[in-house]
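These protein sequences, in sequence, are chains R and D.
The numbers in this note's numbering rise by one with no breaks, and the one at position 112 of the first sequence is 112.
The numbers in this note's numbering rise by one with no breaks, and the one at position 136 of the second sequence is 1136.
To be clear, the hints were calculated from the coordinates, so they are not data collected in a lab.
Predicted model only: the values in this text are computed from it and were never measured.
Just so you know, even glycine gets a beta-carbon here, dropped at the ideal spot from N, CA and C.
There may be inaccurate statements among the hints.
Said to hold, decoys possible - With a straight-line Cα cutoff of 16 Å, these simulated EDC-like cross-link-like pairs (lysine to aspartate or glutamate) come out: (1) R:Lys-119 <-> D:Asp-1038; (2) D:Lys-1043 <-> R:Asp-93; (3) D:Lys-1031 <-> R:Glu-107; (4) D:Lys-1126 <-> D:Glu-1160; (5) D:Lys-1036 <-> R:Glu-103; (6) R:Lys-207 <-> R:Glu-230; (7) R:Lys-52 <-> R:Glu-159; (8) R:Lys-52 <-> D:Asp-1003; (9) R:Lys-92 <-> D:Asp-1038; (10) R:Lys-92 <-> R:Glu-103; (11) D:Lys-1126 <-> D:Glu-1154; (12) D:Lys-1036 <-> R:Asp-171; (13) R:Lys-52 <-> R:Glu-158; (14) R:Lys-52 <-> R:Asp-65; (15) R:Lys-207 <-> R:Asp-171; (16) D:Lys-1031 <-> R:Asp-93; (17) D:Lys-1036 <-> R:Asp-65; (18) R:Lys-247 <-> R:Glu-230; (19) R:Lys-92 <-> R:Asp-65; (20) R:Lys-207 <-> R:Glu-245; (21) D:Lys-1031 <-> R:Glu-103; (22) R:Lys-239 <-> R:Asp-171.
What the hints assert, rightly or not - So these bits of chain R aren't anywhere near chain D, every CB distance computed over 10 Å: (23) Leu-48; (24) Lys-63; (25) Val-210; (26) Pro-301.
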Amino acid sequence: MSKILGNPRSIAISIICVAVLVISIFGGALGNTLGFGFFASSLPAIQLPAEKIVDGFNTPVGKWDLMNTMVTTWLAMLVLIVVSLIIRRNLKDVPGRLQALFEVVMEFFLSLCEQIAGKEKARRFFPLVFTIFIFIVAANWMGVLPGFGTVGRIAGPEEIAHHHDAHDYHDPALVTTTHESKESKAKHHGSDEAQEDGHDSHLGTVKLHVFRDYKTIPVAALSPGSLEEELTFSEYDEKNGNVGEGKRAGHLVPFLRSANTDLNMSLAIALIAMVMVHFWGFSILGFFGHAGKFISFKSGPIGFFVGILELISELGRIISFTFRLFGNIFAGEVLLMAMAFLLPLIGIIPFLGLELFVGLIQAFVFAMLTLVFASMASISHNDGDHH
Amino acid sequence: MGDLGINLPGLITQIISFVILFVILSKVLYKPLVAKLDQRAEKITAGLEAAEKAKEEAARSEEAIQAQLQEARSEGQKLVTQARETADRFREEEMAKVKEELDAERSRAESNIQRERDAAIEELRKEFANLAITAAEKVVKTSLDEEGHRALIEGVLNEERSRNN
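Using the sequences and the hints given, assemble the complete structure.
Pasting the structure below:
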């Protein structure tokens, strides 16, 4: 004990540890209730849909915007493609470490496919199953990296209001530039009192955060010590949009957000998986062989009804695929944010490990279910009856 | 759907992204790596078969060697017994020869000794006769015929000798 205390290095380390602990406990949102909270940042605005980074263009099916989850999807793709190119370039009989890692995982999935789907079908199912697995793993694990969800651009009050369906809200900070518009604004306020109240109830619970405005760099981050700097829309209106020198109010729109926290992504994978499952069903059993499972007149009205139930359960699979993945990863992100908010610095450490584990498990579950559904779809129902 | 963040353009973007990833990974990663795995599996199977074959081969040659060894051993045994027999015979012959020689030597020596003894006895007898004659001459002091005496003594001694023999 005296040895440890005598060593200046261990003294320094213990002082740092204690300091971190003190900052974490008293500086965070927990400490804020005790009157400290100097290190806490605001809890970021949590929303289900992905956030828009850049305005896009109109397409026949709707407006396409660049979303932060698209960026992370492409990043994950880029990582996987670069890694595979590296592996491919250095492909050897006696594998290096990277190749060995991929070989081990691939062997694992190949043997899994062979066990579940049989030898000749395994080679057919394997590429999709494995792609699902490594893409989801890569995307989930990337989402745990620092910078995800904490660095982004600032969305101003108007954009936020539009998001909450208050389409005629105008940012006073932008309108006050001309005297005339200010008057018209006042008039507007007066004439549509009732409607304005309605908007306030819409926006009443929405809090704006105050960020430092780096005019030239369109980047912001949740900074420590900004917990106090929150205001509601009505407070913002009272201040006429003036929140302080060199500061802006709004919400942080992170540039990077874990790809699977966007339902579009998990739904896309689920759709591809189920489409491929039924494609394999049709191609292995023939059109009538596979369609007969869902629409059958052979075994009377009960058989027909069972077929309809099967059809519904296929739809249910898509939905459960989508929401299982989305729910787990989204909840993880929220958990990490909440822990960073409550106990900054140390709070998220155990949960980072948990999120890595959850990300792996969810990827495995998705891939395994795809495999199981594929092998079920490629087995004829009639076969089962005859045996 | 909008509240959940599901929108068609976003969905289509993600589907296309995933399909692109799927195609690229299939081409770049799975095909070569699975081929490599298969190739290695084949190689290992071939290696195992070869090892099995080599093991059989080894067992067979081991057997052959064992048989040869057995043969050589019995051959050696035979040679050894033969050599031993030859040696025995040789020794017996030698022994017999030596014995014969020794016998001859001994008989020769014995006959020599006999002869020596006979000669010595003759000498002694002669001496004794002379002594007796001289003594008798001295006793009797007569000049008896020396030759008559000698014949007499000779006759006594001969009688004595024949009795001894």
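Open item on the list: I'd like to know which numbered hints this structure contradicts. Please list them from smallest to largest.
Closed with: Violated: hints 12, 17, 19, 20, 23 and 24.
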